[in-house]
Structures are given as C-alpha cells and as structure tokens.
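Number of protein chains: 2
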Amino acid sequence: MTNLKIRGERLWDSLMETARIGGTPDGGIRRLTLSEEDARVRAWFKEAVEAAGMTLSHDLFGNMFAIRPGKNNDLPPIAMGSHLDTQPTGGKFDGVLGVLAGLEVIRTLNDAGLETEAPLMVVNWTNEEGSRFSPAMLGSGGFAGVYSADQVNGRRDSEGISFGDALEAIGWRGDLPPKGQPIGAMFELHIEQGPILEAEGKDIGIVTGVQGLRWYEAVFEGRAAHTGSTPMSMRQNALLPAADLIRAVDAIGLAHAPDAVATVGHVTVSPNSNNVIPGEVRLTIDMRHPRDAVLAAMDAELQSAFARILAASGVSGALTPVSDVAAVAFDPDCIDAVRQATARMGLSAREIVSGAGHDAVHIARLAPTTMIFVPSAGGLSHNPAESTTFDECAAGAQVLLEAVLGYDRSRAEALREKETD
Amino acid sequence: MTNLKIRGERLWDSLMETARIGGTPDGGIRRLTLSEEDARVRAWFKEAVEAAGMTLSHDLFGNMFAIRPGKNNDLPPIAMGSHLDTQPTGGKFDGVLGVLAGLEVIRTLNDAGLETEAPLMVVNWTNEEGSRFSPAMLGSGGFAGVYSADQVNGRRDSEGISFGDALEAIGWRGDLPPKGQPIGAMFELHIEQGPILEAEGKDIGIVTGVQGLRWYEAVFEGRAAHTGSTPMSMRQNALLPAADLIRAVDAIGLAHAPDAVATVGHVTVSPNSNNVIPGEVRLTIDMRHPRDAVLAAMDAELQSAFARILAASGVSGALTPVSDVAAVAFDPDCIDAVRQATARMGLSAREIVSGAGHDAVHIARLAPTTMIFVPSAGGLSHNPAESTTFDECAAGAQVLLEAVLGYDRSRAEALREKETD
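Protein sequences appear in the order of chains H and Z. Following full-length UniProt numbering, the numbering of the first sequence begins with 1 at its first residue and continues without gaps. Following full-length UniProt numbering, the numbering of the second sequence begins with 1 at its first residue and continues without gaps.
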C-alpha cells in the first residue's frame, strides 16, 4: 500500500485542455485520426511527457511510447495508455482518459521522487476509433502483428486517402517496427461506454475480458434512373435490399440478446439525389458477443439473411468481412492487481466484460494486460454528451496508480525469489 | 410547310462541346447548379447566343433569356429552352438538348435569313434538377411566382450555402423581377427519361401534360451511442424506422402501379460511423401520379404509414412536405403545332404524359406551353449512360423548328383576321 495520491485537479485540467483540440460547440470532440487536430494533440502530448522527464519514441504506425526509467531498466516497461483520437461526434473521455491518467501517474511519482522497479510507459495508440480508417484498433493491431504494415498503410478513408499517406502528412511515421517496443504489461483505464456500472452504482469495473467483434461491409448494386419516369416494375433499386438488411441485422442482435449486439452504423447511398433511384448502397455491419461460439452462429445467420435478401432483390451485391476479433480473457495477475487496488481503496467494484473493442485486445497477445473501467453517465459514448465525473476520473487514475505499483512490486519480488533459489 | 433543315452535326457538336464542361470519365456530366461548372457553361451559352446575334438578359434567379427580334417586336417572344444544370451523376442530354436545340433553331433561321413574326427566345432555367438546392425547377418556379424570391434565395445546399449566395458568387444575379420577361408561348424539347418511346419504336413524344409530383423530407431522431456496449434493449436507433419507411414508400408506389411511382432517393445518416448507433437519419420521398386525386390518396397513405412507423419506433421524428406540383395539361394549340409538325415530317409519334417534372410545368401557368420528347435508350436518365442518338436529337430539333414556325404563323394569321374584322 502506498500513500501516494494522484492530483485530480491536474488530471481534470489536462482533460479539459486537450478537449479544446477539435472541441465542438456542443461540448464534444471531433479529432479524427491523423487529422490536423490529431497532429495538434500529439504535439501537446509530446511536450507534456518530455516536461515530465520521459523519453518519447514512435513506430511505423505513429504509435507513441513515452518512457520513465526504473531501477532496473533491463525489465520491459509497464505500460499505461489508450488513444487520443475520437469519433466524428466523440466525447471528452473515450480514450483520452486512459492516456492522461497514465501521464498523471507519472507526474505523481515525479512529485514524490518515487522510482519503480521496472520502467513505466505511457502509450498513445493510433486510430483506435476506426471511423476514418476501418477497422478500429488499427495502430495497436499493426504493432501486435495482427495486420501487416502494408495492410495498415493501405487502408483508405472515404476520400480515398491512405493511412500511410495521412500518417506521413502529419509527420508521425517512425522507424520502430511492429513489436519493436518491449512491453512488460499493460493497464488501460477507460470509460465503460455502457450503462452497467452507473445502473449498479459501482465505482470501478474490473475488466476480465472483451467480447468478440466482427465487422462486415455489404454492398448492393442496382441501376440509377429517374424517379419520375421509371415505372416501379422496371427498377433496380439498391436501397430496398439495404433496408431489409438493416432490419435483419437488428433481428440477429435481438435474437441473441441480452449479451449480443448487432448494428448497421454507416450507410452510403449513391448518387444520393432526391429524384434518382439509388444505384448503389454500402453498409457496415458490427456484431459482438462475449462468446466466440455465439458470434459464429450470428455470423452464419447474417450470411444466410444476406443471401436470402440478395436473391429476392433483383440487384447484385456482396458481403465482405472487414474485421474479426476473437473474445479475449485478460491476464489473471493484472486483473488481481486491479482487484487488490480497489479493495485497498475501499471502492465498490464489479467484474465486467467489455462490450467495446479496445487496444488492450491486441496488446494482450504480446504481454499480460487488463483494463480498468469507470462509469459513463447514461452509458453514453461516441456522443458529445459522454460524461464521467471529476471524482470518477480521479478514482480511476488512483486505481491505475495502485494497480501498476502493486504489479511492479509483486513482479520484482517474484524475480528476487527466482534469484535466491 | 418550310424547307428549312436544322444542321444535325452542328447541334451534336454543341452537345459534345458543352458535355466537356463538368464531364466525367464515365461519359456523364457533373454540373451542379450554380457551381463553377455551371458558371462555365453559362459563359459558353452567353458567347454562343451573342454570336448568333441575340440579346441576352437574366433575372433575379439567374434564368437566362436570349432574344432574336421578329417582324413585330410588340408580340411577346416564343420561347424554346430547358436547363443546363445536371444531376451529380447526370448524362449528356437531360436539359441541355432543349437549350441547344433552341440555339440550333436560331442558327438555322439566321443561315436562311428568315424572320419570324414574333421574336424568338432561347431560355436557360436555373436549378431545374433540384439535387443541390431542393425543390427541383426552382428557377422557373421563382420566375412564375410559384415561390417568392425569399423562398428561392433561402434554399440551402447540404453544406449550408444558400441559393442566393451561390448565385451571387458566380455573378449571375440579374435585376429582372419574377414574370419580368414576357413569354408568348414556350416549347421545351427534352429526352423522355423513360422507356416508353423506345419500347414502342416511336420517334417523337407529343407531350400532353405532366404528372403531379410531391416531395417530402422525413427525419428520425434517436440517440447516438456505442454499438458494442449499448444493449439492444436500451437503444434509440434512428436507422430502423428509416428502413421501414423506405419499404413503406416503395409499397405505396407498387399499390398504385403502373401509373404511380414512389421513391426514397436521398438518405443522410449521422454520425454515420461503423461503431456508433445512428442518432439521426434524414430521407427524401418522391411520389408522382398523372391524376391529382390518386396522388392525394398516396399522400394520405404516406402520412399514416409514417405515423405508424414513428409510433412503433420509440424515437422522435417528423414528415415535412417540400414540394407539391399539381398535374398539368399543356396548351391545345401548342400541342397541335407539335402534332402537325410530326405529321408533316412523316415521323412516328405518340401522345405521352411526362413522368418527370420540367420547367414547362411552371411556365404553363403564364403562357401557352408544351413539350416535345425524344427517346432515351433503356429509359435511362440521371445516369452517365443516358443516351439519345444523333438522328433522334436532330429529329427533335427539326420538330421544334417546325412547331415554333407553325405556331408563329397561325398566331399571326389569327391576329390579322382580328384586325380585318
């Protein structure tokens, strides 16, 4: 047990200061990955970690690694962090809390002049959101070798700009290769982005894993023609099967509720003109479940629903998998470090499976990893109204500090025991 | 009967020359109203009509009037024309044929040194398409007093730019007020934009009227939230009722087929991100029928379908009428002038009701008006593949010449008879 206390005001001030970078009038943030706003928040982060005496490096995908040395710098650093990019209509806490809480932990240790056994690291993962470049968690996925460098760099936004060109343009392409930065463990503090903690009045979510996720792109291709002079019987309207698929996806989610979710979030109609029959429609599909077996069943239902809708539509089309992330179980020692921290602090906590994907999903392939959740008011996220209180943010950062120090201590003890054997 | 022959090559060359202004790689045209491309085609038109010895003026809405004097310039001019703007994915003939065929008629009369009784006029109406600024036929509607000047100038495109500002920006706002240019009659040559003439092997459509048209905007407002961590039971997904409405609109069209058509052509989803539940969806609805009574019944069906869908959806929403154009019967004398022209020329023709709205609909409120149709391959329009042959364009222009001269002669005779009474 330590008597170190993070400074909630300093954390909150950093949250509100960075919230102005890409800040929107409705109190949200629009800071799309690799945009000019992303470049500005990266510059802010660089200045802040260097002011905290850390050494910053970055890799091929623009992932940023800020390191504070420990007593034993042969040990791989214990990482804290998340992402600084946001949704087109994002809030002030999704991702940024995990990065800035890591920074606050470092600042607190600096104030106390306390040195950890292993080095500590604060990370900003590139393009977690996936709204400009699909799929989500692309930077951490590239780092973990889930995607090749070419796959990552080749992803294109809606204007046809590639991830590689956008990264080059803002000047954050580094030399570190995938897995080029050793990681001893990672603790990612994040808002729940769901309604459960608030509904149950819990302070902290001890995250034991992340549900599986599958993304798809569906396209229907009919024939654009004049709405007034093309008889109903002679149409190839791509929007009709799209409407059927939207309903079918929702039905699959409902059929496997309460644990399942299924959503069409993105729709592109072309030419998208009042008096032209839609010639082409593209949709994205997002399906998730904590158990891979159920997710596989949902996948099969989607395939057959799509085939049935396409056959009945009289237009052509295709359903393409874009992303497939298996359900993840986090590291027992990391989870235990969080559990002990909440117990020592006397906080109310519950174990929870994350409904959202996070960078921790990919990093868990490389190193012991877990997450810490704090409540989201109304379960709202990816929304300007996203809200977590001052006290909740501070409690989350304190748990992060305690968990990291606890993990660092117990690992050091384990090593010493080994040596004395 | 005249022996004047329009020059098909000259007309075709003008069509292909203007098709390069906003021309797209797939052979189509993207020349949105009041865009930089629109400014360029207006400059081309100004140069062409002045080279043909005509006097050009333009009104408050940017409608362009090019006049060739006649023997009796106290008579209001007989107008020919249509529009030079296109759909986002438009073809090479929709609108532009009617304007350039009018120009070809003037050039032919100039070559022959033939003077008409009444002055002749070639018109380019602003924003017929309605795809940048809804509703369609906005320029001719403003001229005819269907919309007030404030209504027209206040219409905004998807980026929030107003019609008035866009018109000012390209320098085509004139002083002529609504109805400020006298019109003795108007003949609008246009492609059918439907499959009927081609299917029946007819050269010419003698257009007796235009079907009624109603446009609406529907909006559904739910709550944007994270797709992964928001349980199905706690969602307010605006896309689900939108999907239902797309199907309901199609069903209304089918219920009144073959004469009815009903279409959702434009859909906007926000925030439109793969992992955000759609918080707001906007759709446009286009319904048409040759009989106003049936269109009124379709309107009632839409209202009740919308109310039913909204009530079942758990989100809020509204259905707003955007445009309501009654069915139109064209002028018997103008129709007869076209009928006689086709008969004299030995062309195969059939009477037809236009499925599409046209500027002629609004001008018919002010002056004797009709239209002449030529075939559209496959009935395709608002599509880069839109196609009408060299011979079909030439035949249409020749019918336009004959009809205008015939109408001019018979009206002059009628006047002389009056005087001699």
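The set of hints was computed from the structure by calculation and includes no laboratory data. All C-beta atoms, glycine included, are put in the ideal place defined by N, C-alpha and C. Among the hints, erroneous ones may be present.
[Claimed, not checked] Covered stretches of chain Z (in silico footprint by chain H; criterion: 3 or more residues with CB under 8 Å from a CB of chain H, positions within the stretch not fixed):
(1) 114–125
(2) 229–243
(3) 251–259
(4) 401–414
[Stated by the list, open to error] Below, a sample of chain Z positions facing chain H; criterion: calculated Cβ distance under 10 Å:
(5) Ile246
(6) Ala262
(7) Met345
[Stated by the list, open to error] Beta-carbon label-pair distances, calculated as ranges:
(8) H:Ser57 x Z:Ser158: 26 to 36 Å
(9) Z:Ser158 x H:Glu200: 42 to 52 Å
(10) H:Ser270 x Z:Gly201: 27 to 37 Å
(11) H:Arg247 x Z:Asp324: 58 to 68 Å
(12) Z:Glu200 x H:Ser316: 48 to 58 Å
(13) H:Thr389 x Z:Ala307: 33 to 43 Å
(14) H:Lys179 x Z:Arg20: 49 to 59 Å
(15) Z:Ala255 x H:Phe390: 51 to 61 Å
Hint by hint, here is what the structure shows:
| no. | hint | verdict |
| --- | --- | --- |
| 1 | 114–125 | violated (count 0) |
| 2 | 229–243 | holds (count 11) |
| 3 | 251–259 | holds (count 4) |
| 4 | 401–414 | violated (count 0) |
| 5 | Ile246 | holds (4 Å) |
| 6 | Ala262 | holds (8 Å) |
| 7 | Met345 | violated (25 Å) |
| 8 | H:Ser57 x Z:Ser158: 26 to 36 Å | violated (43 Å) |
| 9 | Z:Ser158 x H:Glu200: 42 to 52 Å | holds (43 Å) |
| 10 | H:Ser270 x Z:Gly201: 27 to 37 Å | holds (33 Å) |
| 11 | H:Arg247 x Z:Asp324: 58 to 68 Å | violated (31 Å) |
| 12 | Z:Glu200 x H:Ser316: 48 to 58 Å | violated (29 Å) |
| 13 | H:Thr389 x Z:Ala307: 33 to 43 Å | holds (40 Å) |
| 14 | H:Lys179 x Z:Arg20: 49 to 59 Å | holds (53 Å) |
| 15 | Z:Ala255 x H:Phe390: 51 to 61 Å | holds (58 Å) |
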